[in-house]
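If you're matching them up, the sequences are chains A and B in order.
Per my numbering, residue 1 is the first one in the first sequence, and the count goes up by one each step.
Per my numbering, residue 1 is the first one in the second sequence, and the count goes up by one each step.
Since the hints were derived computationally from the structure, they do not count as laboratory data.
Treat the hints with care, as some may be off.
Unchecked claim - Pulled from the structure, derived: some chain B residues nowhere near chain A, Cβ distances all over 12 Å:
#1 Leu5
#2 Arg7
#3 Phe24
#4 Arg44
#5 Leu75
#6 Leu99
#7 Pro115
#8 Pro127
#9 Trp192
#10 Ala239
#11 Leu308
#12 Leu320
#13 Arg333
Stated by the list, open to error - Quick partial rundown of chain A residues pointing at chain B, CB under 10 Å, derived from the structure:
#14 Glu166
#15 Glu169
#16 Pro343
#17 Leu363
Every residue gets a Cβ at the ideal spot worked out from N, C-alpha and C, and that includes glycine.
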Amino acid sequence: MDRGKDAWILTFKLRQGSRFSSGREVTAKDVVYTFERALALKGPGSFLLTEIAQLKPGAVKALDAYTVEMRIPKTASPQSFLSILTFTIGGIVDSEEVQKQAKGGDYGKDFLSQNSAGSGPYRLVRWDRGSQVILEANPYARVKPKIPRVILRYIQEPAVLRTALESGEVDITEGLTPEALKALEGNPRFKVVRAETLRLQYLGMNMKPGSPFANPKVREAVRWAVNQDELIRDLLRGSAIKIQTFIPRGLLGYNPVTPYKYDPGRARRLLAEAGYPQGLEFELLASTGICGGGVPCADVAAKLQADMAKAGLRARIRTIANAELLNTYRAQNHQMVLAGWSPDFPDPDGNATPWADYEARSLAWRNSYRDEVAAKLARQAALEPDPEKRKALYKVLTEKVLREGPYVVLYQPAQPIGLSAKVEGFIKNPMMSSPLWLVSKQP
Amino acid sequence: MAAYLLRRLAYALLVGLGITAITFFISQVIPIDPAAAALGENAREEQIREFRERYGLDKPILVQYGLYLQRLLRLDLGRSLRTGRPVAEDLKEFFPATLELALAAFLVALALGLPAGIWAALRQNRPPDLLVRFLALLLGSTPVFFLAILLLDLLHRRLGLLPGPGRLDPFLIPPPVVTGITTLDALLAGDWAAFKDALAHLVLPAFVLGSASAALLARMVRAAMLEVLFQDYIRTAWAKGLPERLVVFRHALKNAALPVLTLLGGLLGGLLSGAVLTETIFSWPGLGRYVTQSATSLDFPAVMGVTLLVGLVYSLLNLLVDLLYALLDPRIRYA
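Just chain B, with the same shape it has in the complex:
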């Protein structure tokens, strides 16, 4: 098992290396000069030359890549061309916001999608099933920006039930930054007012971001459950007179869990790589917005940093999913 884990972690590093190589290659194929992009319309030729020298953009591509890897070994992701700060510092600031939003959205997806899917499967082709399928179709196909602006207008501006964009009421004193996750920081500081406010700020973006995943999850759970529900062993379980709770959760759901688990890993990975639209509309200072702005200004050190981080997150999630397989299905063993 330990050998397996080590091997998988080594793979993850290889994936990271592959990602840097591809991103680096792309940065060279794009016919735009990052220096010109970073310095704007007024920049003079001398400024551009100096900028290229300072960031090593004037060196041959392989030398640049070598230098990048060298720095990477020292866990130095380089300096962002746009913010002028170390990329690692930027990530430390933007990733926690994405982590907070992604986990909240993931919880929303689980809380809505899982029960809805199970319920729909148990009442196949009856009104509850039709309702779930209709809602899943509706939520899954509503564009994020539309849903976001609709809900903001309704729940924030008109009804005043929920706060608007941002992570915290600007008139509250923000809790000291420990993890960068505002809700958690507020808890750590024992600041209830800030915790409640941060949580309220999280509701809308988490719902908007999580709703599409919830829709997908509900359909997946429904399909997986239906496949299991007609198996002989379920019939046996019913025949034995087991209560519905045990049949559904112990016998059916556990066996339907494998494909769902795969989907969940992918969903969480997607959520963790940042959600540009949701973050933009809710002024959420997360990874998605950071990487979009970096990409449009050709800030390759920043883009590489984010890609690397997201690649590692995916690798780790995949590993986690594989380990959970073994837990759920005793026939699966890793060596």
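Only chain A is shown next, with the shape it has when bound in the complex:
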């Protein structure tokens, strides 16, 4: 990485001899094509390149067959860019294969919705929508998977999923309920993994003028009125990490402080000081769907409602379809909302900018949290190349938002995964992908 005059210059050396599933070698030409294609298609995920990394067409160049140079503006964070490159949008495609299949300027999009053209350990051989995906080992890949054929099946109903695991029809399951996971734990035929995620479940309080939550004392009262420990122990059955700051564990800048505990008396006093001696009534929006950790959002909301009520915070719960909830939230028409957030890319800036910078028109904006100091800190931290300095900036920022911001972070959910005891080597990384080529299975 070089600090150019007006751009960050990142130079990559490709490993020689890596091959696509077609047998062609991976060259700089393919890398250049991949990024041009992504910029031209403007698909979901391309904003990571265009907005976060501010990558322009022509900014990725091949210096020779195995050397690629990428330039991004000084206003973009090179750390974030490196994280983005590990994401699906950074997967290099076989330029010749894709161009051969392209029709009508679609850059092979239709072809790639049913086929793969990459250099990874597996290639896609069949995709029956809503039913199954079949992967087979890519014969030319450098990494040879232990299992030659992997079938990903889509089973929506958790009870059926559990039956499929118990009858030996499937070996690895995602999407079990916390109860089912508890039941599997006592059985020697199965293993249980609680995979860490980078997701946060939180309450958002709208600070717009006229809202009771514009008063910092009311927000402070809510923080003392949430019983995090019971929520995690009783409802999530341990499938979550206790956290109060907004950078999840697993990312640089994670701040483990948890100064708030359940204290309804203190919350009540704060409410009185804020001018609500009789307590406060407000609306809490919750999705009809499932919240982080596999628990229905309505249950999480009910638990919060019961705990807050003891502090004089009387929440009226309104459960609505997730799409409608997002709509209301975006239009800033909520008072309090139970929502979730996962960073778009595995970098603290994937949380810091949306949570702290009003101008990013994301979470801070939706909750009317306009704080110049917080926004400036987020921008500064995003561009800081020294990890130690960056960490120090995030410490200041996370603590500031913890005490002043419009959020109450509830927990960082783990993803419940049940496996057959015969399966070895299964890993679920926090970005929700699994290196399946490391997995093996006893007969």
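Given chain A, put chain B in place with the hints provided.
Structure of chain B alone, referenced to chain A:
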């Protein structure tokens, strides 16, 4: 007759047009932004704006509807907001699964409901009748998800008699897709192992889905038969000394068939429009699940596509039922 057919087909098209108009209207009344729904919680305002522009959601409603109809004339159902693929492609993939399951369930309903109803009518108020009525009540009132999970647990997990969810054993190599109906594709490929396995996979969901229809059918057949069995001409037939087979099937059943036929048309239409619960529990990639997921993510092009398809299926089934009327009852003539 040809003129009648043409007129009915034209009606079917009108019905289709009406359906699109209503669905389109509903899509505008719902106070939710499809773009926001499609892009999820992290989407930025610019992304939403761009998405709206790309799918033409920023245009006035009448313009949007006009554009939709224009595309429809070219048999283009638009692109799904959720899967990003042409809706027609999605339907081609999901409808055959529903067709397979619906036809199998329909056969189950016929095979169980028809004989049970006839038997019950012939033994009115005697033990067989009581048994049929009891079973019909039980099957008709058992919730689908309960029956499904019960049978899966018993016949698949505990006894291992039948395969679990899905359409085919994942370790079998699926037959090449020709019709999208797995059993038929396996037959076309001459792949007996796959055919047997696909058929075995079909048994449980078809029974679960067909049982409620069987219950309804049994009660309907029983009632219709009872009405006919006490008519003078049946008494005459008995008096002539005709064998029971002829009395029941030629004289009674044929006359009891008209109301039953109406019910059958409706039942098959209902089955063909997709069964959300059965499909969800048995991981059956059918229309019901597709349209539910599309609806919850406000994917209106997909919902319109499914509604249109289902509307046409109903129109055609109604036409078929009307034509069968004429066949069964020589007094009915269409011109």
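Structure-based check of each hint:
no. : hint   : verdict
1   : Leu5   : holds, 35 Å
2   : Arg7   : holds, 38 Å
3   : Phe24  : holds, 18 Å
4   : Arg44  : violated, 6 Å
5   : Leu75  : holds, 18 Å
6   : Leu99  : holds, 15 Å
7   : Pro115 : holds, 32 Å
8   : Pro127 : holds, 37 Å
9   : Trp192 : holds, 21 Å
10  : Ala239 : holds, 57 Å
11  : Leu308 : holds, 19 Å
12  : Leu320 : holds, 29 Å
13  : Arg333 : holds, 46 Å
14  : Glu166 : holds, 6 Å
15  : Glu169 : holds, 5 Å
16  : Pro343 : holds, 8 Å
17  : Leu363 : holds, 9 Å
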